[in-house]
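4 protein chains.
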Amino acid sequence: MSIAVIYGSTRENGNTEALTEQVIDGLSVEKIHLREFQILPIKDERHSANGFQEVFDDYNNVIETVMKHDILIFSTPIYWYSMSGTMKLFIDRWSQTLRDKNHPNFRSELGKKKIYVVAVGGDRPSIKGLPMIQQFQYICDYFGMSFEGYIIGKASKPGEIQMDTKAITCALQMKETLRKHVNP
Amino acid sequence: MSIAVIYGSTRENGNTEALTEQVIDGLSVEKIHLREFQILPIKDERHSANGFQEVFDDYNNVIETVMKHDILIFSTPIYWYSMSGTMKLFIDRWSQTLRDKNHPNFRSELGKKKIYVVAVGGDRPSIKGLPMIQQFQYICDYFGMSFEGYIIGKASKPGEIQMDTKAITCALQMKETLRKHVNP
Amino acid sequence: MSIAVIYGSTRENGNTEALTEQVIDGLSVEKIHLREFQILPIKDERHSANGFQEVFDDYNNVIETVMKHDILIFSTPIYWYSMSGTMKLFIDRWSQTLRDKNHPNFRSELGKKKIYVVAVGGDRPSIKGLPMIQQFQYICDYFGMSFEGYIIGKASKPGEIQMDTKAITCALQMKETLRKHVNP
Amino acid sequence: MSIAVIYGSTRENGNTEALTEQVIDGLSVEKIHLREFQILPIKDERHSANGFQEVFDDYNNVIETVMKHDILIFSTPIYWYSMSGTMKLFIDRWSQTLRDKNHPNFRSELGKKKIYVVAVGGDRPSIKGLPMIQQFQYICDYFGMSFEGYIIGKASKPGEIQMDTKAITCALQMKETLRKHVNP
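Note that the protein sequences, when read in sequence, are chains A, B, C and D.
Quick note on numbering: the first sequence equals residues 1 to 184 in my numbering.
Quick note on numbering: the second sequence equals residues 1 to 184 in my numbering.
Quick note on numbering: the third sequence equals residues 1 to 184 in my numbering.
Quick note on numbering: the fourth sequence equals residues 1 to 184 in my numbering.
FYI, nobody ran anything at the bench for these hints, they're computed from the structure.
Treat each hint with caution, since some may be false.
When chains are identical, the list treats them as one kind, so a pair holds in a single copy or across two.
[As the list claims (entries may be wrong)] Each computed BS3-like pair below joins lysine-lysine, with the alpha-carbon atoms no more than 27 Å apart: (1) Lys157 / Lys180; (2) Lys154 / Lys166; (3) Lys68 / Lys157; (4) Lys31 / Lys166; (5) Lys43 / Lys180; (6) Lys101 / Lys166.
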């Protein structure tokens, strides 16, 4: 099994990335920093006469990279109690891929994947981040993906995540689980 | 009291707009269609040496328009169980405005506003849309905004919202409430 | 189709009952006031050598009455952000019925029913009552019951529910839906 | 600081108790097994002419024991996606204590306490237990209690909780936190 990490952070080396680093330390993963790609907002053309029109940005390349992997780790800062807009733009586009003849089995292929979420927020994230976790669950349910686990860390200032010993402990735990998936 | 409607829809005249139309029928409102503006993803520079850098897009104009009004109606389709990426990009940028010297009272000014949410989704939205409602509540709590009410409609195909008699009834109800706010 | 209303209120003629009265006005329903019955807390004996032991209280009679009907309306005040303890005691006992040889098809029989929830709370119930709604959904999902709708009213003092025009409007709406189920 | 553990389990030595045992191992705590006491359902008499009437059961003794402690650990199995009816009966009665002249400072006294929740469920509890966590948060908010942390374990059969290494790890983590509170 191979792993892709999909990062929704908008700055480098922030707390979310640092916590995720603990999760993937020593594992072979493909890192996808969404901020490095141009991904336009979806234009809902499900019901247009001609359906969705081709969009000329980086989305198709990104989704193709994602689809190569068996385990997806969504690593996102919690902005306003949900995933970053950067990550939401990416996920919104799945509605187009669901109707893309180049991805005829998108739903079932995605449905084979295992999902993990690593999120960091500053405002009582272990409570106020829970609606976001429920949303990830609904997304997983839609595709039949297996939502295997999540970590919610608390941090605001650079480096602060290292003081969230609970999150760090959970990260090590998640790493062990991933290691077993990769080398059963 | 004056009203702004902030639309997160990505197509014209969709179900979300149609439901919102029922809410504002006969009222004087300023309509802000976010899809018509360029709003870039926030770059989190809260902790950078130089802080947030000026962004050259339409966000500042949009937020200034928003701030003129007392009542804000967030009108969004439910994409993947939360607000559209288009709307999320807009709200994410509030983190920058909170630190913008041109908006020294942004938090307290926003805290005076009354908030309504009108949302439409296709996949059991009256249940699966609830985490999004909780997120709006957390956003309101952060600023001290008063979250006055929400409607969640169910529709997928064009025009289908008209068959959701419960949502239509709630829309008329909300219109009456708004009318009293505007003409007490 | 026939309707049972299962009341979790602990006082007579309170706001929850008053709101429910609007829902069932003119309809033929069987009313089950849980407070009038002795229903003991479940004793979890799923894993005991001898399994669940017979409990001598009113539960079996109540569940038999419930099972005769096609539509169940759970009418509960919101106590501490969830259903009343009186109602929870009743639902907890379902775990025993699931293993009761007198109810060999309990899960599938329950799975045929349509569920409505009418709830009234005093502390921002349209937000703080949502976790309870999610829990009802999970219960419905477990059995395969169809969760058809819910109303959350706001009231504390006697009679106050009549001022929640939104809830009253929704109650009338729900009544129309029920009427169509009963006389299609 | 002293610790009380309030158990909502209905059988002895179940998974919830076993997980809680890991949390309190080596700490001095007062254990309150609610199943050993008679606690009647609240009768809502907030609005009766004579107010709440004295109830002759064990509740008053239990709440007095609880109030002696600074840290409360609510240890409950997840029954139907929320706390056990046994625990709910106890918490529902707080509405009476809030109006009990023998507890004139109930709200503010409770507001000084630190709260932890340890819960175990069998049906995807890390997702389906989240509404219950949100409800505990709302309860804490009402009183001003500090909701310090929660663990959700997954287990059904006796002893199964020991296989939930994530929950066990979190329990050890919580124990360390408690130890620091008790011996700062």
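Here is what the structure says about each hint:
| no. | hint | in the structure |
| --- | --- | --- |
| 1 | Lys157 / Lys180 | between (33 Å within a copy, 24 Å between copies) |
| 2 | Lys154 / Lys166 | both (9 Å within a copy, 18 Å between copies) |
| 3 | Lys68 / Lys157 | neither (35 Å within a copy, 32 Å between copies) |
| 4 | Lys31 / Lys166 | both (25 Å within a copy, 25 Å between copies) |
| 5 | Lys43 / Lys180 | neither (40 Å within a copy, 36 Å between copies) |
| 6 | Lys101 / Lys166 | neither (44 Å within a copy, 37 Å between copies) |
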